[in-house]
Amino acid sequence: MAEVQPTPAQPPSQPPAPPAAPVMADPTQVRQVKEFKHNRPLFAARVDPSGRFVCTGAQDKLVARWDVDGDKKLELAGHESWVRGMAFQPGGELLLSGDYTGRLAAWRYAAEPPQPPVYTIEAHKGWVRAVAFSPDGATVATCGNDKLVRLWSAADGKPLRELAGHESHVYNVAFHPSGGHLASCDLKGVVKHWDLATGMAVRQLDASVLWKYDPTFKADIGGARGMAFSPDGAWLATSGITEVSNAFAGIGFAVVVLFDWASGERKQVLRPKENFQGVAWAVAFHPAGFIMAVGGGGGGGALWFFKPDQPNPFFEFKLPNNARDLALHPDGLRLAIAHFDNTLRLYDMSPKPAA
Amino acid sequence: MPFPKTTETLMSDRNYACQSPEHRISRRSLLAGLLGGSLGTGLVDAGLGHIAGLSHLIRPAVAGELAARQKRVLVFFMAGGLSQLESWDPKPGTDTGGPFRAIPTSVPGVHISELLPYTAQQMHRLSLVRSVNTKEDDHGKGAIFIETGRRDMPGQRFPTLGSAVSRLLAPAGAALPGYVHIQPGGAGVNKADAAFLGPKFASISIDNGKPPADLLRPDGLSPAADLTRNELRRKANQRFTARRRTADTEAYGYSYDQALQLMERADVFDVTKEPAAEQERYGSHDFGRHCLLARRLLEQGMTCVKVSHSNYDTHFENFDFHIEQLGEFDRPFATLIDDLAQRGMLETTLVLVISEFGRTPNINPGLGRDHWGSAWSVAMAGCGIQKGAVIGKTNDNGTAVAEREVDGRHLFHTYLAALGLDPKENYPNLNRPIPIGDPAGEKINELLA
Amino acid sequence: MIARLFARFVRLPPASTALALAVLFCLRPDFSAGQEPPLNALIDQQISSALAAKGITPAGSSGDAEFLRRLYLDLTGTIPTLGEAKAFLDDPSSIKRQQLIERLLNSREFARQMQRVFDVVLMERRPANRIPQAPWEEYLRQSFAANKPWDQLVREILAADGAEGALRPAARFYLDREGEPNVLARDVGRLLLGRDMQCAQCHDHPLVDDYLQADYFGLFAFFNRGFVFTPKQKDQPVLYAEKAEGDVAFKSVFVAGATDQPTRPHLPGQKELDEPQFEKGQEYSVAPADGVRPVPKYSRRAQLAALLPRTDTTAFKRNIANRLWALLMGRGLVQPLDMDHGGNLSSHPELLVLLAERFAVMKFDVKVFLREIALSQAYQRASELPTGVEALPPESYAVAQLKPLSPEQLGLAVLQATGIADAHRISLGPALNEQTLHERIAGSLAPFVNTFAGQAGQPEQDFQATLEQVLFVSNGAVLRSWIAPSAGNLADRLNKLPEPSAVAEELYLCVFTRRPTPEEVADVTSYLQNRAHDRPVALQECIWALVASDEFRFNH
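In the order they appear, the protein sequences are chains A, B and C. The opening position of the first sequence corresponds to residue 1 in the numbering used here, with each subsequent residue numbered one higher. The opening position of the second sequence corresponds to residue 1001 in the numbering used here, with each subsequent residue numbered one higher. The opening position of the third sequence corresponds to residue 2001 in the numbering used here, with each subsequent residue numbered one higher.
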């Protein structure tokens, strides 16, 4: 593996320094380098700021912590249902995770043996669908089926604010890298831009291409399954499924919807050249400027790499199984992907060593 | 020489439908009970004023007695295959249980899915059968088995419960059709429901607020003109049948008078005529309005109402969609059960919550569950059914029935027995001997009150 | 004369009667009809002696108007026009009834009506998925127009595989049942042999001793090798094909530990067929291959076509005799028509045997057979009960049965009664003939079929009056538009008649095919007098009232 300059430790109160100039990741050379086996389908994956650990949620009640470069696996117990939303505290020692009973838990994830949560909060009525950390690590945002976005103090879980206004389940939430702003997206593709100084929704962006009411089955399908800001805050990406012709069979196409944050305009709908039947479950920006997304559907799993100005990926990589979440390692070279087949897989984009 | 004995009944008997003990009143005496006993097709008061079901057809005392004894059926059909794991038989925390919790109900020791909080408060009025194994995972065949009590076999078709009950229990003189199917976008007569019983006992599909086709008088036909032309018709019939009366001519002539009554009450199909407060309690979404419409029709004396709720065939995102669908279902359903109980109607109304099949314990890659006929649940309440009982069990993760396995045949026998009918008997007055229930079926005794 | 003597002995059980008849026939070297009473006379002898034995006095003969309407509906499916009605009613000839019978039997309309009737008998309104409805109807119509014997028609249908051009429509029987062997076993039993053996699929029929599981599977075995073959090329026709292998075995679900019993094809009550054995690889004349329809050297289907429609197959004769009888008389001698068995005795066992035998002797000539029934007194009886009689059992034939109009008859009769058919005739002008008129009005029957017919694939139901039907007549747009005046229709013509008595006469002749009684004329007159301000509307109400009445709805 290529050498990486270590990231200097930062006090939690400052935003993390941008990563040191990494070895250039080459997506076209992406390959699997490791597998971690769990015993239930995985649902979520995040890599901690130090790069030592990957934490996963699965179709069980556990948060699992895996050593990236070792064999250790710890289980963090304290949830009552599945965990899909999780976020590591930038510059801090906490992992916050939310489950489908509405419980938010804070973990000192590095502790060994694993400790019970520092605190738990019944954060939402119904599912917690996503958890996000402010760039300064002080605030946690959660969203869920009670149509609310809530803000909490990371240190002790004290409620800070409630952001109401969505009219359907809130699927995802993300902080703008500049700090004072938040984006949340609901089932019907309504993206709200919240000004955290005032707690007001200052505008709405339209990701309704990700939503469909299926009249045959009389149900709604939609939501931003994945959501991310680019590191420079210029772009907001939401991912999900579009052009659904049969909601109950999941017949629709995986797409990433890209917004110019400044103008609020939808700039691109990124999709594989040959439509991928399924859901784009997660999306992330690489500091080098490209966009990564993973999908799962009838055709298995796929990993896509997009440039923001081109609708089709510049590279597609077939994954061995349906993929549900994606996390970029701080080294900028490796990806942790949570798969349906109970397996967490690590992929490497560094240029392969010469033979 | 005497005529040879024939097993088939005289044609003249065929249309006298009342066979159950509660309904020995023949149509003749029903008519005789009207205004002075003149037989024939004259219903002089037809169309004048408001006539509400039986209660204005006959003397009040008899009306009350009949209404009290009249049995009804209310079927909730959860179209597509309701997941038993997300409803009646949750297995939280198991590899198959999904993310939802189980919640306690008004019956100590009985838990159902957290997606049905209001229904949980009505559990003391419901009973569950958790050990259904129909071995059927095809929509069409599953629906046939659960509704007709017999497996789908080529060349054979049997009546659904609603048609059977409409045939066996609907009062002969009722103006209301015996069997109505409330579904979004519904219209027309579903002849297949009635099979060999004939279209008279088929369900009529309606959507909220819209009455059956042609129920409303066309523009250009005034009520007065309708009355006078029907007078002409009756006169013609009186002359013709003076020396030619048969059950068929009576049935035909009388059907016009029934239709006239029904036209006067076309708003019985219009749920917006219920008080605003009631409409609010049930909710403005389709299913809520359908439940209120069902209550309205049952109160007016309809024998069988079937309400379909779409859709549950969640091969993808099973959990999200069950939140949405059961979120629509839970409160109006619970409200309706409670209302029926408060109005004293639950004792005489058999309520079923059924589906074509359940859903697989296995969760597929799309977070969906697939068709599953091997271990699933139905719920029942009301007439002849135990309260708060749970029949049968599945194993720890719901992958098989553990105790008291039953299928569509047993359930059908049970539906009929609950209504006081004998499923082992043949349909009366049919031109061939056909048993009502599958001869190989048995009622579930412990479910019956 | 000997036959009349013989008729006194009709109390003999059927088997002996058949034997006696056979003896009689053998004793008589000359079989020509001139030597013995015609069938219609024999029918009346049988019916009358049974009535006499019960001490029942039958109703007298129907009036001319009733006979006229009844015969037209039975033989042409619709009611006569105003002109046809007047012509018959005013005809003084004493043989006008026989002449009318002849004329109608030989009309194109008769073939069309037989087409409709037997389409429903054979296909029970199943959707035309494989063979379109039009060529199938034309095949039937031509068959009846040519007076094709019934056994030949059935032979063609049972032999059909859809390959041969002219007879392809006959394959509808198989193809639109998807070649499903259980459906075919049941339907061939019901429709061609008069036996509904559905319950015998799983075990001997629990309630009917004569319907054995062995017989069900004997029939089933004629069909188990059949299947619907879809060629690869889209424009090639779908065919009913047959494999050379596939054996049938059955066991009863009610017998614990039962073992499979194999069976070869056989008709009910007859022995299993001996079937040729072939060396492996030699069974086909066209071997099965991808996209190739196999043709076995030995075809079970061909055997069925040869064996079933024959004089020797008693059930075949009885079934058709019974059905044709029921068509005219309103009920079968065995009722229901598909429940012929020892526990469901015929109302007139000897008569049924006689009819079956005679029909075979006539070489299954439908027209001749129907003529004989139509000529009988029993057919021509009045439908009104004689005075002083409160009720008569329908199976006595002491009085004519009321028969509800079929959906097609109802539609056609309404078209004629309201004068819409007349308007079509006028507009067709010189191009008018049975075919062109049929093409004009056939589409108008669809709403009647939708509303008044039972479920497809089910045996015909007893009469029911449903809400949907009543609302169709009362409020539906179709009838309203036909009754409303339009050029040449009844309302239009009545509007132009100032005299109420003339109105009443035309109204009753057109709708009821009879003249009004004085009371009826008085009723119409006073109705119109009260409605001088909106007479045209009142006239439409009068038309409606008669069309909606029992007298119209039923054939009497």
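The set of hints was computed from the structure by calculation and includes no laboratory data. Only a predicted model underlies this, so the values are computations on that prediction, with no experimental measurement involved. It is possible that part of the hints are untrue.
[Unchecked claim] Listed next, with one range per pair, are the computed distances between beta-carbon atoms:
(1) 213/A with 1275/B: 29 to 37 Å
(2) 2102/C with 1188/B: 41 to 49 Å
(3) 2166/C with 1153/B: 32 to 40 Å
(4) 2496/C with 1272/B: 46 to 54 Å
(5) 213/A with 2108/C: 51 to 59 Å
(6) 197/A with 1272/B: 26 to 34 Å
(7) 119/A with 1400/B: 50 to 58 Å
(8) 1218/B with 273/A: 53 to 61 Å
(9) 273/A with 1266/B: 21 to 29 Å
(10) 2261/C with 1426/B: 54 to 62 Å
[Unchecked claim] Derived DSS-like pairs: lysine-lysine, alpha-carbon spacing no greater than 25 Å straight-line:
(11) 125/A with 73/A
(12) 1135/B with 2086/C
(13) 1424/B with 2496/C
(14) 1141/B with 2251/C
We treat Cβ as the ideally placed atom computed from N, Cα and C, and that holds for glycine.
CB of residue 2102/C to CB of residue 1188/B, is that within 41 to 49 Å? holds (44 Å)
- May I ask you to test the hint 32 to 40 Å on the CB atoms belonging to residue 2166/C and residue 1153/B? holds (36 Å)
CB of residue 2261/C to CB of residue 1426/B, is that within 54 to 62 Å?
-> violated (28 Å)
Is 46 to 54 Å a correct range for the gap between the Cβ atoms of residue 2496/C and residue 1272/B? holds (47 Å)
- Given the hint of 53 to 61 Å, check if residue 1218/B and residue 273/A actually sit that far apart at their C-beta atoms. holds (58 Å)
TODO: With a cut-off of 25 Å on the C-alpha distance, tell me whether residue 1424/B and residue 2496/C pass.
DONE: With Cα atoms ~63 Å apart, residue 1424/B and residue 2496/C exceed 25 Å; violated.
Next on the checklist: Need the status of pair residue 1141/B, residue 2251/C: alpha-carbon distance at most 25 Å?
Outcome noted: holds (24 Å)
**Message:** With the threshold set at 25 Å, check whether the alpha-carbon distance from residue 125/A to residue 73/A stays at or below it.
**Reply:** Status violated; Cα separation ~31 Å.
Check: How does the Cβ-Cβ distance of residue 119/A and residue 1400/B compare with 50 to 58 Å: does it lie in that range?
Finding: Once the Cβ atoms are compared, 41 Å apart, the range 50 to 58 Å for residue 1400/B and residue 119/A is violated.
Sort out whether residue 2086/C lies within 25 Å of residue 1135/B, counting only the CA atoms.
violated (66 Å)
Can the suggested window of 51 to 59 Å be confirmed for the beta-carbon pair residue 213/A and residue 2108/C? holds (57 Å)
- prompt: Is it true that the C-beta distance of residue 213/A to residue 1275/B lies inside 29 to 37 Å, as the hint says?
  reply: holds (30 Å)
In terms of the numbered hints stated before, the structure departs from hints 6, 7, 9, 10, 11, 12, 13, listed from lowest to highest.
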